[in-house]
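Quick note, the sequences are listed as chains A and B, same order.
First residue of the first sequence: 39, per this note's numbering; consecutive thereafter.
First residue of the second sequence: 73, per this note's numbering; consecutive thereafter.
Quick caveat, the hints were computed from the structure, so don't treat them as lab data.
Each hint should be verified, as a subset may be incorrect.
[To be verified] Pairs of lysine-lysine, DSS-like flavour, derived with a Cα cap of 25 Å:
{"id": "1", "chain 1": "B", "residue 1": "K186", "chain 2": "A", "residue 2": "K79"}
{"id": "2", "chain 1": "A", "residue 1": "K136", "chain 2": "B", "residue 2": "K130"}
{"id": "3", "chain 1": "A", "residue 1": "K58", "chain 2": "A", "residue 2": "K102"}
{"id": "4", "chain 1": "B", "residue 1": "K121", "chain 2": "A", "residue 2": "K79"}
{"id": "5", "chain 1": "B", "residue 1": "K121", "chain 2": "A", "residue 2": "K136"}
{"id": "6", "chain 1": "A", "residue 1": "K104", "chain 2": "A", "residue 2": "K93"}
{"id": "7", "chain 1": "A", "residue 1": "K102", "chain 2": "A", "residue 2": "K52"}
{"id": "8", "chain 1": "A", "residue 1": "K104", "chain 2": "A", "residue 2": "K52"}
{"id": "9", "chain 1": "A", "residue 1": "K93", "chain 2": "A", "residue 2": "K136"}
{"id": "10", "chain 1": "B", "residue 1": "K130", "chain 2": "B", "residue 2": "K140"}
{"id": "11", "chain 1": "A", "residue 1": "K58", "chain 2": "A", "residue 2": "K136"}
{"id": "12", "chain 1": "A", "residue 1": "K58", "chain 2": "A", "residue 2": "K93"}
[To be verified] Per label pair, the in silico range of CB-to-CB distance:
{"id": "13", "chain 1": "A", "residue 1": "S127", "chain 2": "B", "residue 2": "E143", "range": "35 to 41 Å"}
{"id": "14", "chain 1": "A", "residue 1": "D65", "chain 2": "B", "residue 2": "T124", "range": "22 to 28 Å"}
{"id": "15", "chain 1": "A", "residue 1": "S121", "chain 2": "B", "residue 2": "S142", "range": "46 to 52 Å"}
{"id": "16", "chain 1": "A", "residue 1": "T55", "chain 2": "B", "residue 2": "V101", "range": "42 to 48 Å"}
Idealized CB from N, CA, C, for every residue including glycine.
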Amino acid sequence: GAVVSQHPSWVICKSGTSVKIECRSLDFQATTMFWYRQFPKQSLMLMATSNEGSKATYEQGVEKDKFLINHASLTLSTLTVTSAHPEDSSFYICSAKKLVANYGYTFGSGTRLTVV
Amino acid sequence: AQSVTQLGSHVSVSEGALVLLRCNYSSSVPPYLFWYVQYPNQGLQLLLKYTTGATLVKGINGFEAEFKKSETSFHLTKPSAHMSDAAEYFCAVSDLYNQGGKLIFGQGTELSVKP
Chain A
39 GAVVSQHPSW VICKSGTSVK IECRSLDFQA TTMFWYRQFP KQSLMLMATS
89 NEGSKATYEQ GVEKDKFLIN HASLTLSTLT VTSAHPEDSS FYICSAKKLV
139 ANYGYTFGSG TRLTVV
Chain B
73 AQSVTQLGSH VSVSEGALVL LRCNYSSSVP PYLFWYVQYP NQGLQLLLKY
123 TTGATLVKGI NGFEAEFKKS ETSFHLTKPS AHMSDAAEYF CAVSDLYNQG
173 GKLIFGQGTE LSVKP
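Using the sequences and the hints, build the whole thing.
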């Protein structure tokens with residue numbers, strides 16, 4: 039199977055601090071990873087697409103300086119929320135796409151971020 | 073551009089009844105189509121996907137969906153609902169020819185199952 043581990047599952051931080059969320063593909067290599075944000079009772083909104091070794095591609099309206107994405111290896115991508123504010127509180131989910139495709143996407147279990 | 077529309081933000085059925093969740097898509101190229109389920113505070117689990125070939129796709133937990141190009145639809149069905157099926161369901165589309173293609177999600181449908 040294809041397993042994606044996302045850590046932490048929940049985090050509470052103070053306004054102005056930064057938080058890093060990790061997304062690891064445990065048993066496959068992921069050429070591409072996607073980061074989504076989900077508000078309560080709403081759908082997933084794509085924030086950015088990251089490819090190993092290159093800069094992330096951000097969706098329109100997503101602040102690249104606030105949401106820093108690093109994809110340093112084929113098994114790890116990180117999302118850092120910088121200078122977090124209460125409006126950044128949300129559920130963040132990563133997704134990884136396999137290098138050798140049966141065109142599968144595997145999702146992490148999500149991270150609940152609360153900024154106080 | 074691709075898009076997905078899920079008709080009905082909330083569907084309620086009785087246990088044992090037919091489940092029908094509707095999904096229509098818009099795509100200028102042949103689409104890949106997906107159905108995912110999400111339980112509270114969890115990630116998404118793939119139920120089934122259509123890429124090419126047979127238009128009736130069978131997935132996990134007794135779900136199936138049929139790709140109808142003429143209707144641009146990919147509705148999800150299950151003959152008999154279980155209480156454990158209560159969750160949020162998302163339909164998604166991706167670009168067949170773009171191997172790095174991102175998933176575009178519908179708004180989601182919350183399924184409730186009454187005893």
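Outcome of the hint check:
1. The straight-line distance between the Cα atoms of K186/B and K79/A is roughly 20 Å, inside the 25 Å bound, and the hint therefore holds.
2. For a cut-off of 25 Å, the pair hint linking K136/A to K130/B stands: about 22 Å separates their Cα positions.
3. The straight-line distance between the Cα atoms of K58/A and K102/A is roughly 14 Å, inside the 25 Å bound, and the hint therefore holds.
4. For the hint pairing K121/B with K79/A, the CA-to-CA distance comes to about 23 Å; that is within 25 Å, so the pair holds.
5. For the hint linking K121/B to K136/A, the alpha-carbon distance of about 15 Å falls within 25 Å, and the restraint holds.
6. Between K104/A and K93/A the CA atoms are separated by roughly 15 Å; this keeps the pair inside 25 Å, and the hint holds.
7. Among the hinted pairs, K102/A with K52/A is consistent with the structure: their alpha-carbon atoms are about 21 Å apart, no more than 25 Å.
8. Distance restraint check for K104/A and K52/A: the Cα-Cα separation of roughly 15 Å lies within the 25 Å cut-off, and the hinted pair is therefore satisfied.
9. A threshold of 25 Å between alpha carbons decides the hint, and for K93/A with K136/A the separation of about 19 Å falls inside it, so the pair holds.
10. The straight-line distance between the Cα atoms of K130/B and K140/B is roughly 15 Å, inside the 25 Å bound, and the hint therefore holds.
11. The straight-line distance between the Cα atoms of K58/A and K136/A is roughly 23 Å, inside the 25 Å bound, and the hint therefore holds.
12. About 17 Å separates the Cα atoms of K58/A and K93/A, which keeps this hinted pair within 25 Å; it holds.
13. Checked against the hint of 35 to 41 Å, the C-beta distance between S127/A and E143/B comes to roughly 40 Å, which is consistent with it.
14. Distance hint check: the CB atoms of D65/A and T124/B are about 26 Å apart, consistent with the given range 22 to 28 Å.
15. Checked against the hint of 46 to 52 Å, the pair S121/A and S142/B passes, with Cβ atoms roughly 50 Å apart.
16. The beta-carbon spacing between T55/A and V101/B, approximately 43 Å, falls within the hinted interval of 42 to 48 Å.
Hint compliance for this structure: every hint is met.
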